[in-house]
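**Q** Spelled out from the first residue to the last, the chains are:
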Amino acid sequence: MKKAFANVYIWVLMLLLYAPILLILVFSFTEAKVLGSWTGFSANLYKNLLSGEAGAALNNAIYNTVLIALVAAAVSTILGTFAAIGIHNMRHGRVRSAITFANNIPMINPDIITGISIFLLFVFLGIGRGLFCVICAHIAFCTPYVVLNVMPQLMKMNPNIYEAALDLGATPMQALRKVIIPELKSGMVSGFILAITLSVDDFAVTLFTKGSGTVETLSTYIYADARKGGLTPELRPLFSIIFIVILVLLVFYNLKTAKDTSKD
Amino acid sequence: MDKSDYIIQVEHVTKRFDGGKVVLNDVSLNIKRGEFVTLLGPSGCGKTTLLRIIAGFTQPTEGKVLLSGKDITTLPPYQRPVNTVFQRYALFPHLNVYDNVAFGLKLQKVSEDEIDKRVMSALRIVGMNEYEERNVNALSGGQQQRVAIARAIVNRPQVLLLDEPLSALDHKLRVDMQLELKQMHRDLGITFIFVTHDQEEALSMSDTIVVMNDSVIQQIGTPTDIYNEPANPFVADFIGESNILNGIMKRDFVVNFMDKDFPCVDKGFEADAPIDVVIRPEDVVMHKDPKDGQWTGRVTSCIFKGIHYEMLVQTPDGYEIQVQDYTAYPAGTEVGMSVAPENLHVMPCQSLYNAIDATVIDATHVFMLGAAFETKLHTLPKGTHVKVAVDFDKVDLLDDPADGTAEGQIRNILYKGNHYFIDVKCSNGANIQVDTNDVWEDWDMIGISIKPEDIRIIN
Amino acid sequence: MKKILLFSTIALFVLSNTPLATKTYAQSRDHILKVYNWADYLDLSLIDEFETWYKEQTGEDVKVRYSTFDINENMLTQIEVGHEDYDVVCPSEYIIERMLKRGLLQKIDTTDFARTHTPNWLGNVAPFVADKFQQMAPNDDDKFNLENPSLRVSDYAVGYMSGTTGFLYNTDFVEPEEVESWTALWNEKFQQKIYVKDAFRDVYSVLIQLARQDDILSGKTTRDHEASNLSDENIQAVEDILIKARPQIAGWEADFGKERMTQGKAWINLTWSGDAAWAIDEAAEVGCNLEYVVPKEGTNCWFDGWVIPIYAKNVKAASYWINFLCQSDVAIRNMDETGYVSVIGTPEVLEGMSSEEDYEDTVDASYFFGDITFPSVDEETGDTTWIDSKAAHLNHVLYPNIDVIERSILMHDTADRNEAMLEMWSHVKGNNLNWKMLTFILIVVALILLVLIDKKTRQWRKRRHRQALKLKRKNL
Amino acid sequence: MVSKILANRANWVWPYAIVLLVFVVMPLVMIVYYSFQDAEGQWSLHNFHKFFLSTDSLNTLIYSIGIAMITTILCILLGYPAAYFMSKKEYGLPKVMAALFILPMWINVLLRTLATVALFDFAHLPLGEGALIFGMVYNFLPFMVYPIYNTMLKMDGSLIEAAQDLGASPRKVFTEVFFPLSMPGVYSGIVMVFMPTISTFALAELLTMNNVKLFGTLIQENINAGLLGYGAALSLIVLILIGLTSFFDSEE
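Chains as they are written, first to last, in my numbering: chain A, 1 to 264; chain B, 1001 to 1459; chain C, 2001 to 2476; chain D, 3001 to 3252.
Bound-form chain A, shown alone (with noise of 0.2 Å):
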């Protein structure tokens, strides 16, 4: 009776979560402009997707996108990793704390804030607004976020492991490759991956930070679709192609992450 209750109560949820998406991923298949109204079969919308000024647009927009993604989950992954060592071997006091304290601050932070308190910063130091600017702001609000996932590998650390490694005659650049990156390489990796995620997603910092419209990323670019029309037809199928996308990711990581974790 609770059973049965409970999977009714998820499987509505579930539905209600889903509605949406699934409404958009079947009329991504019809080319009619209004969503609703059904004009026949057909996979137009797919093969105009990148065809045409729009699409050469959202090519443009799609190749931004995974590049400042690229760009900033890379350094922030090193650059936090790094931090979450020096944040891990300082001794606990005020400086620590600031600095743990100013890494939760863009956590915290609602995107337009930091969004805005970024394109501030530039407008105060009178610098033009662009691909560099954007990709700063995204490092700055990826990389906590690395830290966070490195730190709980390094706590699980044994301390002695460097010294020893040390002690073995290994130079700390040496020690670093060699026995440090490799315990935390799960956590960087577990880092990296959001990060890029949070890259994609994001929306308010590249918009306040990309300055003159040349910059257009995935996000930009559907805003301002979004503005004109709504959903417009041309993004429905760019919805379900990047739904798809996702699933199929999420799925991978999960059986990948299950499989380790049966493993030990």
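A hint or two may mislead.
Label pairs and their computed distance ranges (CB to CB) [to be verified]:
no., chain 1, residue 1, chain 2, residue 2, range
1, B, H1385, A, K256, 41 to 51 Å
2, C, E2060, A, G52, 23 to 33 Å
3, A, H92, B, D1438, 48 to 58 Å
4, B, P1042, A, T257, 29 to 39 Å
5, A, K256, B, D1187, 50 to 60 Å
6, A, G52, C, T2110, 35 to 45 Å
7, B, S1167, A, A19, 47 to 57 Å
8, D, I3102, C, L2449, 29 to 39 Å
9, D, Y3033, C, H2465, 45 to 55 Å
10, D, T3055, C, I2372, 48 to 58 Å
Calculated from the model, a selection of chain A residues having no Cβ within reach of chain C, i.e. all distances over 10 Å [claimed, not checked]:
no., residue
11, L50
12, A170
13, D201
14, E234
The set of hints was computed from the structure by calculation and includes no laboratory data. For every residue, glycine included, the Cβ atom is placed at its ideal position computed from N, Cα and C.
Please build the complex by placing chains B, C and D on the supplied structure of chain A, with the hints as guidance.
**A** For chains B, C and D alone, kept in the frame of chain A given last:
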């Protein structure tokens, strides 16, 4: 004995987990009102499961549990007048010490003043008054332990269950807590059921000890019985130090081991019955002059143990005897040794050889221990169920499970003076015993192989 | 870790090799022309053509970096505050005025034209538009004193597109007489069916004429005066009109109005003629009948023009760009693409835009093309039709009849009243706070406080209780 | 020399520390700086003065708080049971459920919002406050479910047993132990939902056709209109709100 004296009766309880793994195998146990009972055994012997069944967290697969005569097998835990002290205390982090202890009483809708009286007295009993306002996370392990106990006893349960409550404490603290628990038991006069794997703990605290191994009860008795009259080699070995030797009961009051006859106080065995002899190290009397004493040997090591010395003595015919004495005999000295008849504990052997259930596969193979073993040519029809006899010393254990015909795991090791007597659990659940001189470790996975000529089929 | 390093190196490699990047770093700035224009406001194929044309004219390469905005102020902020180095931008008239005042503009440089034998088409702009530009309010303490005859606004700004503000409506649901007046906004029939362009200046400048129509008709005041006089009373008057219209208004559209109209989700859209023209064609395709009307109380005749900000890095190319866009054929192509009406007033445009079968009723567009009549010969049939600017077969949405122009005003810069206007706007737009919500909030806050207080008091009472019991214990 | 510095691993933090200083701390300082500047770039309280005088901005703030409250409460009411059912094995829900619940969280927020808009259009429901709240809940529910679900999973089972053992009926076990112990998850859920709701702007714009304005919208409008000072001041107010909420959070 009158049934009403029993507060807890466990009747033929068997617990099988979903995986089919048997953790309790037809366990029966009667616990008298007001007793301090200890469930003692190595990890994985099923003692904790038994406790959880009594507490009601786990349902037995078969059998039932009675509380003062009433069947409570299906009663949910919150309706049982028993309380548990958990291994890792399980104090509620969102409540302070006082509220943790008052938790049970509040649920019983006891009046504020009553609650306060009882909580404070409980806290006083465990010496934690003054800490009532504290946050439980701010307490040390020992203190948390005390609070956990207070929280349990404040409800005046008929039975208090303690699941290895001291395992997380350091040695000094543990000893103190042992005494305090004993004291508490005396003061409260309620039944304690105490689970531990530490035999000293068990001996020092309990009225009754229930020794468990391999999901069955090995022996129930007072600490002295258990120590002095172990029911079987396992108990003897698990409780305290002991020399366990193979022997033969020549006739009443005469036992033969190490190829010598010794006077003893046991009788009633048929002539030349194989037996195990247990001699506690402190019962071996040492003589400066090798001539006095019943047998001789050379001291090979001598270690000071605080009050006494612990020595290993090698007999000429290759037995190694553990001895405790107040005077030190440095390594290398020749000594004589004797043991008083009443200190020779004779226990019958379960068997002289492994009697294994097997099924005939073909003229030269039988299936047993979860694998097909080659045998000498025989005439039995395929599929007949037979008993197979294998001598203890005819079983070979191999490092790599893959190398053996069958696989097994080492469960228990006894040192029999001049060789090891090893208990092996095979992949199919059957046990076989092995005599060997090789050194193994508990829980080692090993391969088992038996030469065909050593497999004797008996019907 | 290795993976990440790999990623980053790839990323950096890509970064350094992207066309985008090469644009940014490899090419020197004077081979780039940064154009900043409204969204959907240009036939984009013209960009390449300009690049080749510019090469022909000057022998220099230029790459156009084209980007778009959808809010004037947004663009201005980027230039004024962000110092973005756009070479040529296309703001609305009042922003041009403000930029002039604030000295953010530099002269269009026509000197090279003669040298490169490039015809100067800047004169193609309809004189009536040039006059409107010149009208921009003078202000003595400005850097640019516009009364100074030596200064012609047209040296700094060249018109691009123009249009009016009116009602776009769906003839299936709305009768023409229902939208003759701006008061249609108050008609309960259109509840939640009206979209209003999210542009407070245009809305103000048309609705103020509704508010003051008696005085205007009786000649007590003039449209232009009221439109540029943003007194608190006037702002209040417009606010009242809008508040009264609130129940009918389904939304404030930055750009999605036409879409919603063609989807039939809205019946009326207070919008610009250009959007209207575009939407009417779009809707026709999906069989939805839209019309555009300029209500009788009056409208605003707005202009967008090309200007060169002082932060521009490539003035020469910018000037050529502006000149390029002033050609009649280019203008026509832009009109076809965007639906807005170019300010180019040449006979070629008149000829190109008029069509008897499409528009049987005529409009008097002499104010725009001048009073001209000339024969036009059809290539195929070869028969001649007379084209008369006084009775031209033009799309009335784009080229309104002269009477519409007579009751139209020119918007002026209102920077000083900006905040007041914004405030009015958000009063009307964003003030959804109602008593239901307020009480709800209060209840929630009260509940939270109650819980907290209750918690604290309980702890406190408990503590006191215990103290008492402690005492009792001590006494025992 | 360098290696000496590197040898002390505490120093490895400095590169990031600098990044933090430049791209996190400085920008916040900027917000404060601009919020105390008027249009002429003079120090003044003009912006705050304006804020507290203009009923409009205040109303928007209060309204946004209201919407945020509704969203948060709905998220808790819907999300808590969901998390509960998923975290308890006895309901036999597949583990992948949780993942499926989180999945929409990874789709671009705008697309998710547009999807809800599409749903409303499809069902011929009017866009407006209702749509806004639905969209908000739709967007933020995963952010509520996830932390609650995690706390429930991590909860020490022996505490539940202890409660039963001390005579708590299943109902009591829930009210006296399980619920209080799950609260931390709820709190972090609130933090993850409440403030973002107040400061969203695109969602409101898309879900209500610009009809409803949230505080985020107000900020964005002012920044876009070039009123940096006022925009900064409004942002500062949001920051102060965040400070307060996190303070309450730590109180709990």
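**Q** Next, verify each hint and record whether it holds.
**A** Here's how the hints hold up against the structure:
As the Cβ distance of H1385 (chain B) to K256 (chain A) is approximately 49 Å, the hint placing it in 41 to 51 Å holds. Taking the beta carbon of each, E2060 (chain C) and G52 (chain A) are about 30 Å apart, inside 23 to 33 Å as hinted. In this structure the supplied range 48 to 58 Å holds for H92 (chain A) paired with D1438 (chain B), their Cβ-Cβ distance being about 53 Å. The hint said 29 to 39 Å for the Cβ distance between P1042 (chain B) and T257 (chain A), and at roughly 35 Å that hint holds.
The hinted window of 50 to 60 Å between K256 (chain A) and D1187 (chain B) holds, with their beta carbons roughly 57 Å apart. For the hinted restraint 35 to 45 Å between G52 (chain A) and T2110 (chain C), the CB-CB distance of approximately 36 Å keeps it satisfied. In this structure the supplied range 47 to 57 Å holds for S1167 (chain B) paired with A19 (chain A), their Cβ-Cβ distance being about 53 Å. Under the hint 29 to 39 Å, the C-beta atoms of I3102 (chain D) and L2449 (chain C), about 34 Å apart, fit the expected range.
Under the hint 45 to 55 Å, the C-beta atoms of Y3033 (chain D) and H2465 (chain C), about 53 Å apart, fit the expected range. At roughly 56 Å, the beta-carbon separation of T3055 (chain D) and I2372 (chain C) lies within the given 48 to 58 Å, and the hint holds. Its beta-carbon lying about 16 Å from the closest one in chain C, L50 (chain A) satisfies the requirement of being farther than 10 Å from that chain. At roughly 16 Å from the closest C-beta of chain C, the C-beta of A170 (chain A) stays outside 10 Å, upholding its exclusion from the interface.
Interface exclusion of D201 (chain A) from chain C stands, the closest Cβ pair being 18 Å apart, more than 10 Å. Remark: the non-interface label on E234 (chain A) is consistent with the geometry, its nearest Cβ contact in chain C lying 12 Å away (cut-off 10 Å).
Of the hints listed earlier, there is not a single one the structure fails to meet.
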